[in-house]
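Chains as they are written, first to last, in my numbering: chain A, 668 to 986; chain B, 126 to 412; chain C, 48 to 467.
Each hint should be verified, as a subset may be incorrect.
Stated by the list, open to error - Simulated restraints on C-beta separations:
| no. | chain 1 | residue 1 | chain 2 | residue 2 | range |
| --- | --- | --- | --- | --- | --- |
| 1 | A | Leu678 | B | Ala189 | 58 to 64 Å |
| 2 | B | Leu258 | A | Val768 | 45 to 51 Å |
| 3 | C | Gly133 | B | Asn238 | 15 to 21 Å |
| 4 | A | Val820 | C | Gly133 | 30 to 36 Å |
| 5 | C | Gly371 | A | Val820 | 51 to 57 Å |
| 6 | C | Glu341 | A | Val768 | 54 to 60 Å |
| 7 | A | Pro753 | B | Met128 | 51 to 57 Å |
| 8 | C | Lys366 | A | Ala690 | 30 to 36 Å |
| 9 | A | Ser692 | C | Gly444 | 30 to 36 Å |
| 10 | A | Leu757 | B | Thr286 | 30 to 36 Å |
| 11 | C | Asn269 | A | Val820 | 41 to 47 Å |
What the hints assert, rightly or not - Here chain C is said to cover these stretches of chain A; the calculated rule only asks that three of the stretch's residues, wherever they fall, bring their Cβ under 8 Å from a Cβ of chain C:
| no. | region |
| --- | --- |
| 12 | 835 to 848 |
| 13 | 934 to 944 |
By construction, these hints were calculated from the structure, which means they are not laboratory data.
Note that beta-carbon positions come from the ideal geometry of N, C-alpha and C, so glycine has one too.
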Amino acid sequence: MTGRRLLHLLLIAFVLAYPLVAADSPVYGRLGALVLLGAIGASAWNIVGGYAGQVSVGHAVFFGIGAYASVTGFVHLDLPPIAGAPIGMLISVLLAAAIGVPTLRLSGHYFSMATIAVGELVRVLSSTSDFLGGAQGLGGPAMPRSVFDLSFVSATPYYYIFLAVLVALLGLTHWIEGSRMGFYLRAIKDSERAARSLGVSAGRYKLYAYMLSAAFTSLAGSLYLCMFGFIDPESGFGILISVKMVVMAALGGAGQLFGPLVGALILVPLEELSNSYLGGQGAGLTFVVYGAIIVIIARFLPSGLLSLLERRKVVRRAD
Amino acid sequence: MSMTLVQVVVSGLLLGAIYALFSSGLTLIWGMMNVVNFAHGDFVMLGMYTAVVIWTALGGGPWASVPIAALLIATLGIASYFLLVRHIMKGPMLAQILGTFGLALFLRYGAFNVFGANFRTLPDTLVGHSFVLGGIRFEGSRVLAGAVGLAVTLLLHFMLTRTAIGSRMLAVSEDATAAQLMGIRPQRMQALAWGLAGAATGIAGALIATFFYTSPTVGETLAIVAFVTVSFGGFGSVLGALVAGLIIGVVESVSAFEIGPVYKEVVVYVLFVLVLWFRPQGLMGKT
Amino acid sequence: MVKVTRRSVTAGAGLFALGMAGKASAQPATVKIGVIYPLSGNAASAGNYSKMASELGAEIVNNGNAELAKFLPFVSPTGGLPGLKGAKIQVVTADNQGTPAAGANQTLRLITQEKVVAVVGSYQSGITETASAIAEKYGIPFLTPESVAANLTERGFKWFFRTTPVAGDFARAYADFLKEQKAGGKKVDSIAIIHENTEYGNSVSSVIADTFKKDGLNVSQNISYSANSTDVQPQVLQLKEKNPDVAIFISYTSDAILYTKTMKEQNWKPSILIADDAGFNDPKYVKEMGSQVEGLISRTSFGVGKPGSVSAICDALYKKKTGGDGLDDTSGRGLQGFFTLVDAINRAGSTEPAKIQAALKATDLKQDQMVAGYKGVKFDAKGQNTLASSIIVQMKGGQYVPVWPKANATAELVLPYKGW
Chain A
668 MTGRRLLHLL
678 LIAFVLAYPL
688 VAADSPVYGR
698 LGALVLLGAI
708 GASAWNIVGG
718 YAGQVSVGHA
728 VFFGIGAYAS
738 VTGFVHLDLP
748 PIAGAPIGML
758 ISVLLAAAIG
768 VPTLRLSGHY
778 FSMATIAVGE
788 LVRVLSSTSD
798 FLGGAQGLGG
808 PAMPRSVFDL
818 SFVSATPYYY
828 IFLAVLVALL
838 GLTHWIEGSR
848 MGFYLRAIKD
858 SERAARSLGV
868 SAGRYKLYAY
878 MLSAAFTSLA
888 GSLYLCMFGF
898 IDPESGFGIL
908 ISVKMVVMAA
918 LGGAGQLFGP
928 LVGALILVPL
938 EELSNSYLGG
948 QGAGLTFVVY
958 GAIIVIIARF
968 LPSGLLSLLE
978 RRKVVRRAD
Chain B
126 MSMTLVQVVV
136 SGLLLGAIYA
146 LFSSGLTLIW
156 GMMNVVNFAH
166 GDFVMLGMYT
176 AVVIWTALGG
186 GPWASVPIAA
196 LLIATLGIAS
206 YFLLVRHIMK
216 GPMLAQILGT
226 FGLALFLRYG
236 AFNVFGANFR
246 TLPDTLVGHS
256 FVLGGIRFEG
266 SRVLAGAVGL
276 AVTLLLHFML
286 TRTAIGSRML
296 AVSEDATAAQ
306 LMGIRPQRMQ
316 ALAWGLAGAA
326 TGIAGALIAT
336 FFYTSPTVGE
346 TLAIVAFVTV
356 SFGGFGSVLG
366 ALVAGLIIGV
376 VESVSAFEIG
386 PVYKEVVVYV
396 LFVLVLWFRP
406 QGLMGKT
Chain C
48 MVKVTRRSVT
58 AGAGLFALGM
68 AGKASAQPAT
78 VKIGVIYPLS
88 GNAASAGNYS
98 KMASELGAEI
108 VNNGNAELAK
118 FLPFVSPTGG
128 LPGLKGAKIQ
138 VVTADNQGTP
148 AAGANQTLRL
158 ITQEKVVAVV
168 GSYQSGITET
178 ASAIAEKYGI
188 PFLTPESVAA
198 NLTERGFKWF
208 FRTTPVAGDF
218 ARAYADFLKE
228 QKAGGKKVDS
238 IAIIHENTEY
248 GNSVSSVIAD
258 TFKKDGLNVS
268 QNISYSANST
278 DVQPQVLQLK
288 EKNPDVAIFI
298 SYTSDAILYT
308 KTMKEQNWKP
318 SILIADDAGF
328 NDPKYVKEMG
338 SQVEGLISRT
348 SFGVGKPGSV
358 SAICDALYKK
368 KTGGDGLDDT
378 SGRGLQGFFT
388 LVDAINRAGS
398 TEPAKIQAAL
408 KATDLKQDQM
418 VAGYKGVKFD
428 AKGQNTLASS
438 IIVQMKGGQY
448 VPVWPKANAT
458 AELVLPYKGW
């Protein structure tokens, strides 16, 4: 077992020291931060989509709320964008309750469709709101006024902030995994009917998972705004954002603690690097490659990449 | 009711029939195999490009492009089934979303690569001109698309419910194992379903190309419409897709006219969500 | 260990000499300029044309052009930048994928990995906002030839420059144009503005509506529709019912095509049909629908101009490059922006960012040096080109020709709108 422990320690050391490793390359430093941001969003989604099995394809709603809460705090009240994060999280949780109560009753595809519809609805409505900057969107502080504006040149501070948030989120998820709620969620995911017949109030626990997931997705949105400084209806509420969260978690392994992180580790660099090396000529090759890789992984590893490890574990135990 | 409003309703019905046409393929797959095809919009897009290519390369109109598009997209559908869908069906629903989304990107940007980013349009004269009937203007290409849409959808429905092969397909969708015990080969039926769905989608694309612009990313817009139509009508119900399509077409048209174009989407989505809450199985889906 | 052969010694000596030469001249042999545009996604068509415009600019400078060298100080008859001892330009392109995030990330790559000396881009205003913010952080000049959001020059940035006119300028041009028509006896009592509801359509339409109100022009309908609609019949029917005297469209290419087709289907023609830039100026639109919109009025900042002018020469070269499509408003402005940057680098005689920035601030290009139809290029303290302007053009025989103001007109304005 010491071999494995050593490997884990090395991995943790690498993760902690990555910005130093990538110090010479701002692009790779930034890539690290982007991977972590993607992992936060996907891990947040994982709580309701992976663990509770409720596949929401409209999570961008909460992401956008977080981003808009941050930017409107700046535009209308001169607050540093991060101050809007708790407000965004609160609004997201409330909205999740409002959406969740009627839609979580729906099963499988119907629920997914409903989340898509709500997501699109919010996107269209946001483009008509002057308070939210309409279709033109809103920009954060052009020049950082203080360190609290979280507007850095180097990606390193972002990396560590995102890492801290991810660790907290994964810690929370891990705790849920081992708690009674985690137990109930697994039961619900396996067979909701059976769980209900055993007295589990499925509706309530699904709702909790949804609300918790919404809160952290919103936080991801606020962090995105701090880093990129601009949001509009498409980049905040667009369906592609929702889909990416799902794809990242599914690719790595939904319902697994580190699944979303693995997914982010693959997809984010894949997208960035293929755009950098293939995109410049405008032949759309980036996405052809991206799409092909996703298809191949879905075809051969429908339960995500981490299932590879699971298989090895099973094999080992069989020896 | 003013003449303009009648015109609005009529154009909504025609639009709705077209929505129904390209949604019927989606609902067939969904109902039969519980598979969400995120690449559906891009199947339509490829049908559209078929029509564009046949026009630019051969000068052919819909009489040529419709059957060819039907054949091509049917093949694409069957190929997708054997190479991808058959495998992801074994996995969780997430795998379906993942796989078909990847397929969508692949097709979309493959088309982008081959055809370029520019929009193509087919000339109006390809399918007759506008004509006026009873004070209402009808546009040739839309009428053709609407009529064919109606016909194909009804044909599909008839095939599923009244023919032997249709009942075999439905048997597989109800219970694949039981069907197998009865001597029906599920994989063959499922492949057939993908072929039929592909054909319907290809026909839709080829017809839509006669009055709508064609571009690699047009599938994104159309996919959402298809999803809404199918959910509204009820998964698996081709007739439901028809009725839903017509209703959505009219609601969209009338709201755009009365309230404002941006809000037409809002109305449709709100209506959609309400239907899902009060009648999740859609208008005509099974409970 | 390298084997000591005669060849290796000669090679080594050669390299040594080059190395010495390199140290002696502090000027590089290539000047890398970053160009970032949407090369995928919905705006890919326009992005691609703009990219080709930048590439053409580099080719002109690198290969030299005797005719243009008479007007443009940064072009020599034989090739290379005169101010940098014949250094060549290398254009490094990146795809902004239509998202602000990709725009920012790619700009970072261009600056820190590719080590470009300046960046040109990025079409969509929201993306220009995030991309230029990165350039500002790294102290690299960022020039936008076509993003029109007003706030871009209000951020207090020191490294941001914009050559294109903004929405306020377009609105002014339209207002003056319509007032002149009114004074000339044409009916301009009701004006409908139809615009797509993303950043472009919303920002331009609201500025137009405000300007018109101030000038006493009556906006009777303001229709906002979703870009990439599947159907616009209800909107056209709405317009047909109210039948305004003037209709102004603010759309991208796909909607432009859809509206034109639908207007023909429903047989509706306002007496004055105006279509703002973007979609209706896209060469693809002009090619596909030009013959059906005879008399369509648009605004542009590009006109081919008289033979032998800078714009005409560049248009001919661009046609060769694209295989038939000439410069249009977007690619014309793109080329103008690129040239402005190159002019500054040439005058700076160096690739140091601070020197380029100073040279940009001192830019003073004259009207006869323009590719785009501006009065010239001169930046104010905020980085905005104060001499940017537009002209009104009309579709005649499948091509846009300038008709207003009279000083730029090469043809008579013909009203009412003829269409098909």
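The hint says 41 to 47 Å between Asn269(C) and Val820(A); measuring C-beta to C-beta, is that right?
At roughly 42 Å between Cβ atoms, Val820(A) and Asn269(C) fall inside 41 to 47 Å, so the hint holds.
Note to self: Given a hint of 30 to 36 Å, does the C-beta separation of Lys366(C) and Ala690(A) actually sit inside it?
What the structure shows: violated (48 Å)
- Query: Honestly, do Pro753(A) and Met128(B) meet the 51 to 57 Å range at C-beta?
  - Reply: Cβ of Pro753(A) to Cβ of Met128(B): about 56 Å, so the range 51 to 57 Å holds.
- Look at the Cβ atoms of Leu678(A) and Ala189(B) and judge whether their distance stays inside 58 to 64 Å. Once the Cβ atoms are compared, 60 Å apart, the range 58 to 64 Å for Ala189(B) and Leu678(A) holds.
| query | Is it true that Val820(A) and Gly133(C) lie within 30 to 36 Å of each other by Cβ? | reply | At roughly 35 Å between Cβ atoms, Gly133(C) and Val820(A) fall inside 30 to 36 Å, so the hint holds.
C-beta pair Gly371(C), Val820(A): status relative to the range 51 to 57 Å that was hinted: violated (45 Å)
For this session: For the range 15 to 21 Å, tell me whether the beta carbons of Gly133(C) and Asn238(B) fit it or not.
Result: violated (37 Å)
Can you take a look at whether the region 934 to 944 of chain A is actually covered by chain C? Rule is 3+ residues, C-beta closer than 8 Å. holds (count 3)
Inset, instruction - Look at the Cβ atoms of Ser692(A) and Gly444(C) and judge whether their distance stays inside 30 to 36 Å. - result: violated (55 Å)
Per the hint of 45 to 51 Å, is the separation of the Cβ atoms of Leu258(B) and Val768(A) within bounds? Cβ of Leu258(B) to Cβ of Val768(A): about 49 Å, so the range 45 to 51 Å holds.
_Taking 8 Å as the Cβ threshold, is the statement that the region 835 to 848 of chain A is covered by chain C upheld or broken by the three-residue rule?_
Not satisfied, violated; 0 residues make the cut.
* Asked: Taking the CB of Leu757(A) and the CB of Thr286(B), does the distance hold inside 30 to 36 Å?
  -> violated (51 Å)
The earlier numbered hints that this structure contradicts are 3, 5, 8, 9, 10, 12.
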